[in-house]
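*Asks:* Residue strings, one per chain:
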Amino acid sequence: MESATSSHARASPLRSTPARIAFYLAIAALLVAAPFLIDAAFGRTWVRIVDIALLFVMLALGLNIVVGYAGLLDLGYIAFFAVGAYCYALLASPQFDLHWSFIALLPLGAVVAAFFGVLLGAPTLRLRGDYLAIVTLGFGEIIRIFLNNLNRPYNITNGPQGITLIDPLHIGSASLAKTHTIAGITIAPVHGYYFAFLACAAISVFISMRLEDSRIGRAWIAIREDELAAAAMGINTRNVKLLAFAMGATFGGVAGGLFASFQGFISPESFTLLDSIMVLCMVVLGGMGNVFGVALGAVLLTALPEALRHAAPLQQAWFGTVYVDPSDLRMLMFGLALVLMMLFRPAGLWPSSIRRRELAAERQPSGAEGADVRR
Amino acid sequence: MSDAEALLVVSGVSKRFGGLAALDAVTLGVRRGEIFGLIGPNGAGKTTLFNVITGVYAPDTGEIRFCSGRVSGLKPHSIAERGIARTFQNIRLFANMTALENVMVGRHLRTTAGVIGAVLRGPRTRAEEAGIERRAHELLAYCGIAAHANELARALSYGDQRRLEIARALATEPQLLALDEPAAGMNATERAALTHLLERVRRDGTTLLLIEHDVKLVMGLCDRVAVLDYGRKIAEGTPPEVQSNPAVIEAYLGGTLA
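If you read the sequences in order, they're chains A and B. Quick note on numbering: this note's numbering labels position 352 of the first sequence as 352, and the sequence is numbered without any gaps. Every number in this note's numbering is 375 more than the matching position in the second sequence, counting from 1.
Source of the hints: derived by calculation from the structure; they are not laboratory data. Glycine included, every Cβ here is placed at the ideal spot set by N, Cα and C. Treat the hints with care, as some may be off.
Said to hold, decoys possible - In silico negatives: residues of chain B with every beta carbon more than 10 Å from chain A:
| id | residue |
| --- | --- |
| 1 | A400 |
| 2 | R499 |
| 3 | A559 |
| 4 | I609 |
Stated by the list, open to error - With a straight-line cut-off of 25 Å between C-alpha atoms, the simulated DMTMM-like cross-links for lysine to aspartate or glutamate are:
| id | chain 1 | residue 1 | chain 2 | residue 2 |
| --- | --- | --- | --- | --- |
| 5 | A | K178 | A | D39 |
| 6 | B | K450 | A | E227 |
| 7 | B | K450 | A | D226 |
| 8 | B | K591 | B | D579 |
| 9 | B | K450 | B | D435 |
| 10 | B | K591 | B | D535 |
To be verified - What follows is a set of in silico ranges between Cβ atoms, one per label pair, in the way DEER data are often shown:
| id | chain 1 | residue 1 | chain 2 | residue 2 | range |
| --- | --- | --- | --- | --- | --- |
| 11 | A | L340 | B | G580 | 52 to 60 Å |
| 12 | B | R501 | A | L343 | 39 to 47 Å |
| 13 | B | R501 | A | S173 | 37 to 45 Å |
| 14 | B | G580 | A | T272 | 58 to 66 Å |
Take the sequences, apply the hints, and build the full model.
*Replies:* What follows is the structure in structure tokens.
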């Protein structure tokens, strides 16, 4: 049971080290080149969609901690995204004429979101399944409606008008909202943000994987499997559940701050129940509990509705007229895709049980046959 | 019984569910180092007593002391921390985790890594993780299921699942191991192996509290036995004493024969 077999080899079937290094380098090169390749092939709109997809990767990974690991169905997750976004927007915009640095604001967003995570978790500790889902759904709506109405008697959030002119991210004095040219390569805002979001998404993947394969991760999964047995094994179910809510919320909080800086404008409209459900779909469709599955789900479900926009020109070309409004068709196709997925791959595109089977195959009888070892 | 030898003392514990008195002023003591059996007809309150001892229910009246400290009213995880581990009548493993991972969860209590340790995974956390895994392998071997370490718990045979529950419970380093019908559903060979395992657990220093239906197994294994009937303790003593107790014979055979 060398730690090499236990923690590192499981993610990739590549065994020999040089092959693995080459594989990871290729992936890294592809990820660095991706925004420019996509820009050249499909246009800048699609780079923007990829940027948003990366934010959703973070959101889905955060929700995966709550739903995938700890098994707590949360239908109000987008509230933490909203909390992070408003935290950033209020402290880095002309709203209060505050312009804090993102270096302080992103961690602050994470902390504030974690606080709200505990605030949601504490009263719902005894609830599971449908009951928990209803309470969390209510929580998500409460946050949104609060943000919508906090413009009277004192104007804090600017109500439904939202907050505008939010400060962009910047590196030194160079704002990511401007186009730069470095060594002949044009780096538009969408490109700059791509790298910022990619870095944050990569950190999220890293944290998720480390947590899953740890004492805390095992405690979460144990609670999901059997809460009473977990408690009998000495796991403080209250604390561990609150920790899951708080950890999940931090991902949402950071993603919210990034979103606010990227858009430059936020309003309560961006944080509806539908968005919560969308993130949940990403987690479930991708493969609940599996980090890469969840990330894949986030990318696909962000890209799919955008791709379906092209249904209108296609109809025009084939039938000479647009029979079905593309915005209607989008949701119809999206729903159909979900139904088909659940029918044919109910465990998700990339379910975590595959990892388990690989793990079992890799580890096979690892000795420990020496019998009299206890005490 | 003096405090020195009494590990677990249940005094006057009652528990009602609606109009049903599941436990009625039950008093008993388990001595350090013994195997104590709890028997009784179906519905006698054995499992309820287990659940009260391990904190699943709080007793309505009475008190439970463990290692001279009061444990009644504590949460299950606090009771586990004080040194009482248990198995369940209807096996409650973490079905979708491997056997090894199940036992690793049992080490939760005796390890400390938090979120920051898990994410940074410094030398201390790595050493702790390696220790958890090593101990889990040892315990699987101890319980005779080392070969199934990487199988999902739900894929194990019934007898192996019961052993895995014992391995998981032992991982919490209990002073008292409470077993709820550990031999249920086992064949004769598996029973013999289980008896052997339990005797070894006791020899290695863990006190055992055992609910069992199989009277033969209880009488062969236990140092002392208490009998519950309709929530009340009707007898306590060594197996021969209990077997010849008229109240016990009546409870089991309905008083028709002796």
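*Asks:* All hints are to be evaluated individually against the structure, with a verdict given for each.
*Replies:* Now for the hints, and whether the structure bears them out:
| no. | hint | in the structure |
| --- | --- | --- |
| 1 | A400 | 26 Å, holds |
| 2 | R499 | 12 Å, holds |
| 3 | A559 | 17 Å, holds |
| 4 | I609 | 28 Å, holds |
| 5 | A:K178 to A:D39 | 17 Å, holds |
| 6 | B:K450 to A:E227 | 13 Å, holds |
| 7 | B:K450 to A:D226 | 16 Å, holds |
| 8 | B:K591 to B:D579 | 24 Å, holds |
| 9 | B:K450 to B:D435 | 15 Å, holds |
| 10 | B:K591 to B:D535 | 21 Å, holds |
| 11 | A:L340 to B:G580: 52 to 60 Å | 58 Å, holds |
| 12 | B:R501 to A:L343: 39 to 47 Å | 43 Å, holds |
| 13 | B:R501 to A:S173: 37 to 45 Å | 41 Å, holds |
| 14 | B:G580 to A:T272: 58 to 66 Å | 59 Å, holds |
Hint compliance for this structure: every hint is met.
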